[in-house]
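Engineer: Construct the complete structure from the given sequences, taking the supplied hints into account.
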Amino acid sequence: MEEKKLIERAQSGDKKALADLVKNYEQTIYNFAFKICRDKNYAEQIMQDTFYSMVKSLHQFDHNSKLSTWLYRIVANHCLMMARKLKNHPFVSLDDDENLFEEKYAADWSSIPYKDTENEELKIILDKAIQNLSPDYRLVFLLRDVEGLSTEETAQVTELTIPAVKSRLHRARAFLRKEINEAFS
Amino acid sequence: MKNEKVTCKEVMKHVCESLGENLNDDRCIEIKKHLDLCPNCREYFKSVEITIDCYRKYNVQVPEEAHDRLMKMLGLEE
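Line order of the protein sequences matches chains A and B.
-16 is the number of the first residue of the first sequence in my numbering; add one for each residue after it.
255 is the number of the first residue of the second sequence in my numbering; add one for each residue after it.
In case anyone wonders, no lab produced these hints; they're calculated from the structure.
All values reported here derive from a predicted model rather than from experimental measurement.
Possibly wrong hints are sitting among the right ones.
[What the hints assert, rightly or not] The list that follows gives simulated cross-link-like pairs (lysine-lysine, DSBU-like), each with its CA atoms no further than 35 Å apart:
| # | chain 1 | residue 1 | chain 2 | residue 2 |
| --- | --- | --- | --- | --- |
| 1 | A | Lys23 | A | Lys(-12) |
| 2 | B | Lys300 | B | Lys286 |
| 3 | B | Lys326 | B | Lys286 |
| 4 | A | Lys49 | A | Lys70 |
| 5 | B | Lys300 | A | Lys39 |
| 6 | B | Lys286 | B | Lys267 |
| 7 | A | Lys23 | B | Lys311 |
| 8 | B | Lys267 | A | Lys149 |
| 9 | B | Lys263 | A | Lys70 |
| 10 | A | Lys23 | A | Lys(-13) |
| 11 | B | Lys326 | A | Lys149 |
| 12 | A | Lys23 | A | Lys39 |
| 13 | A | Lys6 | B | Lys326 |
| 14 | A | Lys(-2) | A | Lys98 |
| 15 | A | Lys149 | B | Lys300 |
| 16 | A | Lys6 | A | Lys111 |
| 17 | A | Lys23 | B | Lys300 |
| 18 | B | Lys267 | A | Lys(-12) |
| 19 | B | Lys311 | B | Lys326 |
| 20 | A | Lys49 | A | Lys(-1) |
| 21 | A | Lys39 | A | Lys98 |
| 22 | A | Lys(-1) | B | Lys326 |
| 23 | A | Lys49 | B | Lys267 |
| 24 | A | Lys68 | B | Lys267 |
| 25 | A | Lys(-13) | A | Lys70 |
| 26 | A | Lys106 | A | Lys149 |
| 27 | B | Lys311 | A | Lys39 |
| 28 | B | Lys287 | A | Lys68 |
| 29 | A | Lys111 | B | Lys311 |
| 30 | A | Lys39 | A | Lys(-2) |
| 31 | A | Lys(-1) | B | Lys311 |
| 32 | A | Lys111 | B | Lys286 |
| 33 | B | Lys311 | A | Lys106 |
| 34 | B | Lys263 | A | Lys6 |
| 35 | A | Lys111 | B | Lys300 |
| 36 | A | Lys23 | B | Lys287 |
| 37 | A | Lys(-1) | A | Lys(-12) |
| 38 | B | Lys263 | A | Lys(-12) |
Structural biologist: So this is what it looks like as structure tokens:
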């Protein structure tokens, strides 16, 4: 069934339509939450909180944005709330971006097993690198580069201006690239 | 802008700022020229692309039990 009809039915109390909407988006939401918090238990908690919020406020959804954009906004808020609650990891400051482009190490990027999606060594490095990035930067990088939202949609979800999205994105890209470069040097 | 005014550092910054955007201003054209001539900056460009690709490909599946717990919590179990 077309998504708009599914939403309308769910808004009028059709439980089957609501269940279908949840099923259509649970993979995206869980995966996104995991990518922000890098922990499966927290990702499940965030997924539950996100869909609980969705069910509670679906009647307010007015089709002015895509449902996916609306859900990204909800999940992004829950991710940030979780990060604030945990506060267990010191983040690297990206205020001075000059250091991001200093090359002390030179990895052989052709040897990085980036095509092997199940490579455990690479997964550990990717987890560690992104955990050093503050959640605000993580959000922008993941929404824009990984989930493929446009700069405008990313700004809408994060409630940032377009220049702020661009600034966080370029620092996040440079930072993550630098961390991987050092890990493989 | 003259070619010698574009430094490798500027190119690296520019790559991180504009990757994925189709820009055709004078500065971009100058940067593209630099990339054609500088293997280090080309390598840098490629490494930023690989970084993004790594995070795109690293995905997790919702465990079946997590799905069941979610539907139960929402009162939507079948």
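Engineer: Run every hint past the structure and note whether it holds.
Structural biologist: Verification of the supplied hints:
no.: 1; hint: Lys23/A to Lys(-12)/A; verdict: 32 Å, holds
no.: 2; hint: Lys300/B to Lys286/B; verdict: 13 Å, holds
no.: 3; hint: Lys326/B to Lys286/B; verdict: 54 Å, violated
no.: 4; hint: Lys49/A to Lys70/A; verdict: 32 Å, holds
no.: 5; hint: Lys300/B to Lys39/A; verdict: 45 Å, violated
no.: 6; hint: Lys286/B to Lys267/B; verdict: 13 Å, holds
no.: 7; hint: Lys23/A to Lys311/B; verdict: 17 Å, holds
no.: 8; hint: Lys267/B to Lys149/A; verdict: 12 Å, holds
no.: 9; hint: Lys263/B to Lys70/A; verdict: 34 Å, holds
no.: 10; hint: Lys23/A to Lys(-13)/A; verdict: 31 Å, holds
no.: 11; hint: Lys326/B to Lys149/A; verdict: 40 Å, violated
no.: 12; hint: Lys23/A to Lys39/A; verdict: 24 Å, holds
no.: 13; hint: Lys6/A to Lys326/B; verdict: 13 Å, holds
no.: 14; hint: Lys(-2)/A to Lys98/A; verdict: 41 Å, violated
no.: 15; hint: Lys149/A to Lys300/B; verdict: 20 Å, holds
no.: 16; hint: Lys6/A to Lys111/A; verdict: 30 Å, holds
no.: 17; hint: Lys23/A to Lys300/B; verdict: 31 Å, holds
no.: 18; hint: Lys267/B to Lys(-12)/A; verdict: 45 Å, violated
no.: 19; hint: Lys311/B to Lys326/B; verdict: 30 Å, holds
no.: 20; hint: Lys49/A to Lys(-1)/A; verdict: 21 Å, holds
no.: 21; hint: Lys39/A to Lys98/A; verdict: 41 Å, violated
no.: 22; hint: Lys(-1)/A to Lys326/B; verdict: 14 Å, holds
no.: 23; hint: Lys49/A to Lys267/B; verdict: 32 Å, holds
no.: 24; hint: Lys68/A to Lys267/B; verdict: 34 Å, holds
no.: 25; hint: Lys(-13)/A to Lys70/A; verdict: 39 Å, violated
no.: 26; hint: Lys106/A to Lys149/A; verdict: 26 Å, holds
no.: 27; hint: Lys311/B to Lys39/A; verdict: 32 Å, holds
no.: 28; hint: Lys287/B to Lys68/A; verdict: 48 Å, violated
no.: 29; hint: Lys111/A to Lys311/B; verdict: 16 Å, holds
no.: 30; hint: Lys39/A to Lys(-2)/A; verdict: 13 Å, holds
no.: 31; hint: Lys(-1)/A to Lys311/B; verdict: 32 Å, holds
no.: 32; hint: Lys111/A to Lys286/B; verdict: 32 Å, holds
no.: 33; hint: Lys311/B to Lys106/A; verdict: 10 Å, holds
no.: 34; hint: Lys263/B to Lys6/A; verdict: 46 Å, violated
no.: 35; hint: Lys111/A to Lys300/B; verdict: 21 Å, holds
no.: 36; hint: Lys23/A to Lys287/B; verdict: 45 Å, violated
no.: 37; hint: Lys(-1)/A to Lys(-12)/A; verdict: 12 Å, holds
no.: 38; hint: Lys263/B to Lys(-12)/A; verdict: 51 Å, violated
Against the hints set out earlier in the document, violations occur for numbers 3, 5, 11, 14, 18, 21, 25, 28, 34, 36 and 38.
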